[in-house]
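Asker: The lines below spell out each chain.
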Amino acid sequence: MTILYFAWLKERMGTGEETIALPEGVTTVGGLIAHLKARDPRLETILAGDAKVLTAVNQEMATAETPLADGDEVAFFPPMTGGRAP
Amino acid sequence: MIRVSDKAFDPAAEMTAFTRRVPQSGAVVTFLGQVRGQGPGGAIATMTLEHYPGMTERSLERIEAEARRRWPLDDVVIIHRHGRLQPGEPIVFVATASPHRLAAYEASEFLVDWLKTRAPFWKKEEGGFGARWVESKADDDDAAARWE
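Taken in order, these protein sequences are the chains called A and B. Throughout the first sequence, residue numbering follows the numbering used here, covering 9 to 94 in sequence. Throughout the second sequence, residue numbering follows the numbering used here, covering 5 to 152 in sequence.
Incorrect hints may have been included.
Stated by the list, open to error - Keeping only pairs whose Cα atoms sit at most 25 Å apart, straight-line, the calculated PhoX-like set for lysine-lysine is:
id, chain 1, residue 1, chain 2, residue 2
1, B, LYS11, A, LYS45
2, B, LYS128, B, LYS141
3, B, LYS141, A, LYS18
4, A, LYS60, B, LYS11
5, A, LYS45, A, LYS18
6, B, LYS128, B, LYS11
7, A, LYS18, A, LYS60
8, B, LYS128, A, LYS60
9, A, LYS45, A, LYS60
10, B, LYS141, A, LYS60
As the list claims (entries may be wrong) - Take a look, some chain A residues computed to stay more than 10 Å from chain B by CB distance:
id, residue
11, MET9
12, THR23
13, PRO31
14, GLU32
15, GLY33
16, VAL34
17, GLY38
18, GLY39
19, ARG47
20, PRO49
21, MET88
Since the hints were made in silico from the structure, they are not lab data. Every residue, glycine too, gets a C-beta built ideally from N, C-alpha and C.
This is chain A alone, in the form it adopts within the complex (with noise of 0.2 Å):
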């Protein structure tokens, strides 16, 4: 699966994009969540900040419980500027 990061998140993770398979037992966001803050410690400080992190799956806005696939595109970034969230 493909993980985007936008606008801080990107500029903070050193990378845009990254490829992933997707990790046994992970089966929805909140699972890709935890699983990414056990990798990586800058993602455990983003994600476990104050600021707020929104998440798209294949372009479209997700919640912890939105399901996931092998082939997924998930995107990373914070509110759209101009507003908190849709």
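Guided by the hints, dock chain B onto chain A, whose structure is given.
Answerer: Coordinates of chain B only, in the frame set by chain A:
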């Protein structure tokens, strides 16, 4: 019509092109957003607009479709820049055409309110103060919520 591009555009030329497409419409309303010259930290030298290619176009198409569903519009155009811009440069141009001015005005406000809060664009301002990502604003959320 949606256009997202890193190329500069000429608002006057876009207005002319739009009005030629809708000679039957009684009312045309246009909105132009420009890069501001002053931010909370002081004078802005450059602004970089980042977006999510693909999702941006999809969001804008959906917003246009919603406007057409709510108001009797003859045509709609949304042009949005991305990339590095200077103060005073056009960022976004929205035009609506309708038989009646109220629909054209309302649809224009709706389109700008929703695109600001729903289309995946992020702004980074640079100047003597350094560089800062522009944070989302509660005012814009309130403006967008009027249309819920």
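Asker: For each hint, tell me whether it holds in the structure or not.
Answerer: A quick look at each hint next to the structure:
1. With a C-alpha separation of about 38 Å, the suggested pair LYS11 of chain B and LYS45 of chain A falls outside the 25 Å cut-off, and the hint is violated.
2. With a CA separation close to 14 Å, the supplied pair LYS128 of chain B and LYS141 of chain B stays within the 25 Å bound.
3. For the proposed pair LYS141 of chain B and LYS18 of chain A, the alpha carbon gap of about 21 Å is at most 25 Å, so the pair holds.
4. Of the supplied pair hints, the one linking LYS60 of chain A and LYS11 of chain B is violated, its CA atoms being roughly 31 Å apart against a limit of 25 Å.
5. For the suggested pair LYS45 of chain A and LYS18 of chain A, the alpha carbons sit about 15 Å apart, so the restraint of at most 25 Å is met.
6. This hinted pair checks out: LYS128 of chain B and LYS11 of chain B have alpha carbons roughly 18 Å apart, not beyond 25 Å.
7. For the hint linking LYS18 of chain A to LYS60 of chain A, the alpha-carbon distance of about 15 Å falls within 25 Å, and the restraint holds.
8. This hinted pair checks out: LYS128 of chain B and LYS60 of chain A have alpha carbons roughly 17 Å apart, not beyond 25 Å.
9. Restraint check for LYS45 of chain A and LYS60 of chain A: the C-alpha separation of about 15 Å stays at or below 25 Å, so the hint holds.
10. Using a Cα cut-off of 25 Å, the hinted pair LYS141 of chain B and LYS60 of chain A holds, with the two alpha carbons roughly 13 Å apart.
11. Against chain B, the non-interface label of MET9 of chain A holds: every CB pair exceeds 10 Å, the least being about 16 Å.
12. No Cβ of chain B comes within 10 Å of the Cβ of THR23 of chain A; the nearest lies about 14 Å off, and the non-interface call holds.
13. Look at PRO31 of chain A: its CB is around 23 Å from the nearest CB on chain B, clear of 10 Å, so calling it non-interface holds up.
14. No Cβ of chain B approaches the Cβ of GLU32 of chain A within 10 Å, the least distance being about 28 Å, so the stated non-interface status holds.
15. Non-interface status of GLY33 of chain A relative to chain B is upheld: no Cβ of that chain comes within 10 Å, the nearest being about 28 Å off.
16. Annotated as non-interface, VAL34 of chain A keeps its C-beta farther than 10 Å from every C-beta of chain B; the closest such distance is 22 Å.
17. With a cut of 10 Å on Cβ distances, GLY38 of chain A stays outside the contact zone with chain B, its closest approach being about 21 Å.
18. With a least beta-carbon separation of about 22 Å from chain B, GLY39 of chain A lies farther than 10 Å from that chain, consistent with its non-interface assignment.
19. Even its closest Cβ contact with chain B, about 23 Å, leaves ARG47 of chain A beyond 10 Å, as expected for a residue assigned away from the interface.
20. Once the 10 Å rule is applied to beta carbons, PRO49 of chain A is consistent with being away from chain B; the minimum gap is 22 Å.
21. Against the 10 Å criterion, MET88 of chain A falls within the reach of chain B, whose nearest CB is about 6 Å from its own CB.
Against the hints set out earlier in the document, violations occur for numbers 1, 4, 21.
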